[in-house]
Amino acid sequence: MFQIITDACCDLSADLLDKDKIAYIPMFVELEGKEYTDDLGRTFDNSWFLDQLKENKHPKTAQINVGRYMDFFRPYAKKGISILYVGFSSGLSGSYESSLNAIELLKEEYPDFTVTSFDTKTASLGLGMLVMEAARLQKEGRTLEETVQWLDICKEHLRSWFTVDDLKHLVHGGRVTKAQAAIGGLLNIKPILNVDEKGQLQSVDKVHGRKKALQRMVDETIEDLDLSIVNHFYIAYSGDEKALEKVSKQLKQHYPETPITRFSLGPTIASHTGYGCVALFSTGKTKRF
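Okay, so the sequence shown: first residue is 0 according to numbering that gives the first Met the number 0, each after it adds one.
Check each hint, because a few of them may be wrong.
Pairs of lysine-lysine, DSS-like flavour, derived with a Cα cap of 25 Å [stated by the list, open to error]:
hint, residue 1, residue 2
1, Lys-210, Lys-248
2, Lys-106, Lys-78
3, Lys-78, Lys-20
4, Lys-211, Lys-241
5, Lys-210, Lys-53
6, Lys-284, Lys-251
7, Lys-59, Lys-33
8, Lys-241, Lys-205
9, Lys-211, Lys-245
10, Lys-211, Lys-251
11, Lys-53, Lys-33
12, Lys-78, Lys-138
13, Lys-78, Lys-18
Pair ranges (Cβ atoms, derived) [said to hold, decoys possible]:
hint, residue 1, residue 2, range
14, Glu-240, Glu-31, 24 to 30 Å
15, Gly-140, Ile-188, 48 to 54 Å
16, Lys-53, Gly-32, 16 to 22 Å
17, Val-147, Asp-223, 21 to 27 Å
18, Thr-36, Glu-108, 26 to 32 Å
19, Lys-53, Asp-223, 32 to 38 Å
20, His-253, Phe-288, 20 to 26 Å
21, Lys-106, His-253, 44 to 50 Å
22, Asp-223, Leu-99, 29 to 35 Å
23, Gln-252, Glu-103, 47 to 53 Å
24, Asp-17, Thr-257, 22 to 28 Å
25, Thr-142, Glu-244, 37 to 43 Å
26, Gly-140, Ser-202, 41 to 47 Å
27, Glu-96, Ile-188, 32 to 38 Å
These are calculated hints, taken from the structure and not from any lab test.
Ideal Cβ placement from N, Cα and C applies to all residues, glycine included.
The task is simple: from the sequences and hints, build the whole structure.
So, in structure tokens, the structure goes:
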């Protein structure tokens, strides 16, 4: 038996993780000089936070440092419990590297400690999908090594399509320039983005209008879809429930029997996307590019 651990960037709910006995490391978000804990909705008021984003406020986020990883992992090391940490993309944060450093230090104290830090190369419910796959395999009695082997396959075929309704937060995060955002706003241009094999954001295209952007995400997903890997869709969104329903309805028209898990983007990820982001996750036939 092994303990599955993830972090708050998975955007699953605390209740769901508790049900499957999955531990998670909270993240911290700073807004107007005050620090808040992203604990997957256990205490954090996500509706209030989305209102702050609508008012064009720009929160700051911080990676998980070595000390916090050590503090979180140490109780398991003391008890001799093996760990599988399913973490946020190394292409988007330094947290993964911090987890590796923490493991090295802990192994000096506990040489027999078995721990695997798995770099998902994804974020939000893409990370959440891999966490749930790990939980499924654990319930089936698979070993830690077998679980990691399957996660490697899923990671290579993971599809992450998303769009935002407002480019201002991408400007703040350095993803687009102010000039590009100004032109985009005037022309009602919406970006189509995904996460590449390195776990980094890449801009794929730009389309005119929100409706076309949402449709493009669904079309891209269906074109390369492989439900034999993971027979499930995951949709994350930040506030725009109408857009969420549109995407869900389009998927159901094509795949009425395939489950859809839907959760709000947590504050850590939403701090970088702003209000109105919609992200669609699935597995595809080809490997990530």
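Hint check results:
no.	hint	result
1	Lys-210 <-> Lys-248	13 Å, holds
2	Lys-106 <-> Lys-78	13 Å, holds
3	Lys-78 <-> Lys-20	17 Å, holds
4	Lys-211 <-> Lys-241	14 Å, holds
5	Lys-210 <-> Lys-53	20 Å, holds
6	Lys-284 <-> Lys-251	20 Å, holds
7	Lys-59 <-> Lys-33	10 Å, holds
8	Lys-241 <-> Lys-205	21 Å, holds
9	Lys-211 <-> Lys-245	11 Å, holds
10	Lys-211 <-> Lys-251	18 Å, holds
11	Lys-53 <-> Lys-33	18 Å, holds
12	Lys-78 <-> Lys-138	21 Å, holds
13	Lys-78 <-> Lys-18	22 Å, holds
14	Glu-240 <-> Glu-31: 24 to 30 Å	26 Å, holds
15	Gly-140 <-> Ile-188: 48 to 54 Å	50 Å, holds
16	Lys-53 <-> Gly-32: 16 to 22 Å	20 Å, holds
17	Val-147 <-> Asp-223: 21 to 27 Å	25 Å, holds
18	Thr-36 <-> Glu-108: 26 to 32 Å	27 Å, holds
19	Lys-53 <-> Asp-223: 32 to 38 Å	34 Å, holds
20	His-253 <-> Phe-288: 20 to 26 Å	23 Å, holds
21	Lys-106 <-> His-253: 44 to 50 Å	48 Å, holds
22	Asp-223 <-> Leu-99: 29 to 35 Å	32 Å, holds
23	Gln-252 <-> Glu-103: 47 to 53 Å	50 Å, holds
24	Asp-17 <-> Thr-257: 22 to 28 Å	26 Å, holds
25	Thr-142 <-> Glu-244: 37 to 43 Å	40 Å, holds
26	Gly-140 <-> Ser-202: 41 to 47 Å	42 Å, holds
27	Glu-96 <-> Ile-188: 32 to 38 Å	35 Å, holds
When the structure is compared with the earlier hints, no violation turns up for any of them.
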